[in-house]
Amino acid sequence: MFEKLDQIFILLRDWVVSFLPPNWQAPVGVVLGVVAIVCVYPALFAIAVLMERKGLGRMQNRYGPNRVGPFGLFQPVADGIKSLTKEDLVPANADHVVHFLAPVSLVAIVFMGYAVLPMGRGMTLAPMDAGLLFYFAMGASSELTVFMAGWSSRNKYSLLGAMRGVAQMISYEVPLLMSSVAVVMITGSLNLDKIVAAQNTYSYGLPHWYIFTPWGLAGFVMYAIAATAETNRSPFDLPEGESELVAGYFTEYSGFKFAEFFLGEYVAMLSISGLGTTLFLGGWSAPLQALEWVPSWIWFFGKVMLSICVFIWMRGTLPRIRQDQLMNFAWKFVLPLTLVNLVVAAVWRFMGDGWLRWVVCSAVVVVVYVSAALGGMRREKFGPRSYRYAE
Amino acid sequence: MLGEGILKGLAETARNFFGSYVSKERLTTVQYPEERIPAVEAARVFPFLVYDGDDWQKGLRCVACQICEKECPPKCIYIEKSKDKKPDFTGRPQIFPARFDIDVSVCMSCQICVEVCPFDAIKMNTEFELSTDDRFSGLLLHKDQLAHPNEYFQKLHPTDAAEVDTRRAEELAKAEAKAKAAAEAAAAKAAAQAAAPKPEGGAA
Numbered sequence: 001m002f003e004k005l006d007q008i009f010i011l012l013r014d015w016v017v018s019f020l021p022p023n024w025q026a027p028v029g030v031v032l033g034v035v036a037i038v039c040v041y042p043a044l045f046a047i048a049v050l051m052e053r054k055g056l057g058r059m060q061n062r063y064g065p066n067r068v069g070p071f072g073l074f075q076p077v078a079d080g081i082k083s084l085t086k087e088d089l090v091p092a093n094a095d096h097v098v099h100f101l102a103p104v105s106l107v108a109i110v111f112m113g114y115a116v117l118p119m120g121r122g123m124t125l126a127p128m129d130a131g132l133l134f135y136f137a138m139g140a141s142s143e144l145t146v147f148m149a150g151w152s153s154r155n156k157y158s159l160l161g162a163m164r165g166v167a168q169m170i171s172y173e174v175p176l177l178m179s180s181v182a183v184v185m186i187t188g189s190l191n192l193d194k195i196v197a198a199q200n201t202y203s204y205g206l207p208h209w210y211i212f213t214p215w216g217l218a219g220f221v222m223y224a225i226a227a228t229a230e231t232n233r234s235p236f237d238l239p240e241g242e243s244e245l246v247a248g249y250f251t252e253y254s255g256f257k258f259a260e261f262f263l264g265e266y267v268a269m270l271s272i273s274g275l276g277t278t279l280f281l282g283g284w285s286a287p288l289q290a291l292e293w294v295p296s297w298i299w300f301f302g303k304v305m306l307s308i309c310v311f312i313w314m315r316g317t318l319p320r321i322r323q324d325q326l327m328n329f330a331w332k333f334v335l336p337l338t339l340v341n342l343v344v345a346a347v348w349r350f351m352g353d354g355w356l357r358w359v360v361c362s363a364v365v366v367v368v369y370v371s372a373a374l375g376g377m378r379r380e381k382f383g384p385r386s387y388r389y390a391e
Numbered sequence: 001m002l003g004e005g006i007l008k009g010l011a012e013t014a015r016n017f018f019g020s021y022v023s024k025e026r027l028t029t030v031q032y033p034e035e036r037i038p039a040v041e042a043a044r045v046f047p048f049l050v051y052d053g054d055d056w057q058k059g060l061r062c063v064a065c066q067i068c069e070k071e072c073p074p075k076c077i078y079i080e081k082s083k084d085k086k087p088d089f090t091g092r093p094q095i096f097p098a099r100f101d102i103d104v105s106v107c108m109s110c111q112i113c114v115e116v117c118p119f120d121a122i123k124m125n126t127e128f129e130l131s132t133d134d135r136f137s138g139l140l141l142h143k144d145q146l147a148h149p150n151e152y153f154q155k156l157h158p159t160d161a162a163e164v165d166t167r168r169a170e171e172l173a174k175a176e177a178k179a180k181a182a183a184e185a186a187a188a189k190a191a192a193q194a195a196a197p198k199p200e201g202g203a204a
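Protein chains in written order, with our numbering: chain A, 1 to 391; chain B, 1 to 204.
Hints were generated in silico from the structure; no laboratory data involved. Don't take every hint at face value.
[What the hints assert, rightly or not] Pulled a few chain A residues facing chain B out of the computed Cβ check, cut under 7 angstroms:
#1 Arg58
#2 Met59
#3 Gly316
#4 Thr317
[To be verified] Partner residues are not named here, just some residues of chain B that face chain A (Cβ under 8 angstroms, in silico):
#5 Ile6
#6 Leu27
#7 Tyr32
#8 Ser109
#9 His142
The structure displayed is predicted, hence computed values, not measured ones. Beta carbons: idealized from backbone N, C-alpha and C, even for Gly.
Produce the complete structure using the sequences and hints provided.
Pasting the structure below:
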C-alpha cells in the first residue's frame, strides 16, 4: 500500500503509457514527466508567493493578503489574472527580440534544472551521470537572461540592475560550486541519485545526511548563502533593489513578461532548494528510519518548502546589503571557507571511521570560521564624524 | 561573533510571527470597510452647507454673500445669487444662493471658507468616501448634495456646534427683543396717537 503510494506518479505514468504502442511509450513517458514538472512547480510557486506574503505580513505584525477568498487563499489567482490582463509594454528603443527572449529563456532555463533533480524514489526525469554538472550549467545560463533583459531594455535602471546581477551571480557561483564539490568528493559521483542513495542509510535510526557532519554543515551554510545570492533574494536583492533601481533588470517589463520573471525567480528558488536538499539534506530520504513508510516525494517537497520558509524568514529579517559588502562577503569570507571546506572534506574522507575525524574536522571548521570572521569581515573603524566647514 | 546579529534578528522576526497569532494587540491593522476608527473631532475633508429645521431649501443658512467664494485660494466655490429673498432665522428677508457648487477635485481642504463665513453657514465635512467613476460632474457637488442639517454638524463637531448654537440663540433672542421693543414702541406710538386730540382736525 505505502510502496504503491510512494511510486504513485511512476505507476500512473506507466498506466497511461501502457495504452500506447511500444515504440511510443518511452518518449510519451518523458513528455508526461515534463508536463508534471511544468504543472507542479508553478503551483508550488503560487503557494510560495502566498506563504511569503502572509508570512512577511505576520513578521511585520500585519495580516497580509486576506481579501480574496477565505483567508486570502485565492490571492495568487487574482495576481495571475491581473498580470495576464495588464498591457504588455515594450520600450520604443528596446531590442525587441532580445527583450522578448529574456523572460522566455529564463523560465525555460530554470525549468531545465529539474530534469536531474531526484524528487522521490526513482522519480528523476533524466537520471544522468553528470547531473550536478548539468544543473550548474543550467544555473549559470540564467545569468545570461538577466543580462539580456537589462541590456535590451535600454534603460539605465535595467542596465545597472543587470550589471549588479551578473557581478553578484558570477561571484556567488564560485562558492556555490565549491560547497557542492565537497559532496562530490565524499560521494565520488556527480549523479544526484547516487548522492541521495549515499545519504539514505541509517545508524541508530538516524540518517546519514551530510548536514550532520562538520564539513556538511559548513558546506550547507555556505551553499545556503550562495543560493540566496544566486536567486537574488533578500538580503542579496541588489539587482532588483526596488528602492534604488525601480525593479532592476526587469524595470521595463510589464504584464505577463513581468510575471515570467517573477515565476522564474521563484522556480529558481524552489530548484536551488531542491538541489540543496539533495546534496545536504538527504534528498527524498526520511529524517528517521521509523518514518521510512511515508512516501519519498512527501519528504522531498516538504524539505523544499521548509527551505522556502527559511528564505522567507531571511527576507523578513535582513536588510539589503551594500555592493561592497556583497563582494567582500563573497570573496573574503564565503569563498575561503568553501576552499577550506574542501580540505576538511578530504580529511574526513581519508581519516576513516572514528571519533578523531569528528574532532579534527569540527576544530578546523570552527577555527577557520572564527579567523575568517575576525580577519576577512573586520569592520572599518570609524571615529566620530567631524565637520570641517559646517559647525 | 559573526552571525550573532543575524540570529538575534531571526529570533525577533520569529517572535513577531508567532506572537501575531497569539496576541491581538500586535495586529494594529484596522480592517477598513468592516471596521473603522471614529473620526476625530477636528477632522476635516471638504466643506458642506448647514441648514436649520427640516427643509433644506428653506433653512439654508447661506445668504450668498460670496465671501467664501472670494477667499477660496484654489477658487473651487461657485455661487449664483438669487433674484428674490427669503426670511433668515431671525425673520429678516435675505437673498440666498440660487446655485452653490464646490468642486471637490479642486478643493484643498484649507477651511478658509469656514473661517471667513459670518453666518456659520459653511462647515467642514468628514465624509471621505467620495470616489466616483465620473471625475468631472461626479466631483462637482451641488447645493442639494452639500446641504446637511444642523444635527449633522452637531454630531461631527460637537464643541464647535455648541458654540455656534449658543451664539445664534443669543442673536435670535436679541433680534426678537429688538422686534418686540420695536413693536411695543410702535404700539405705544399708535396708542398715543390714537389717544391724543387732533388740533388740526382734518386739515392734515
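(request) Taking the numbered hints from earlier one at a time, note which ones the structure violates and give those numbers from smallest to largest. (result) Result: hints 7, 8 and 9 break, sorted rising.
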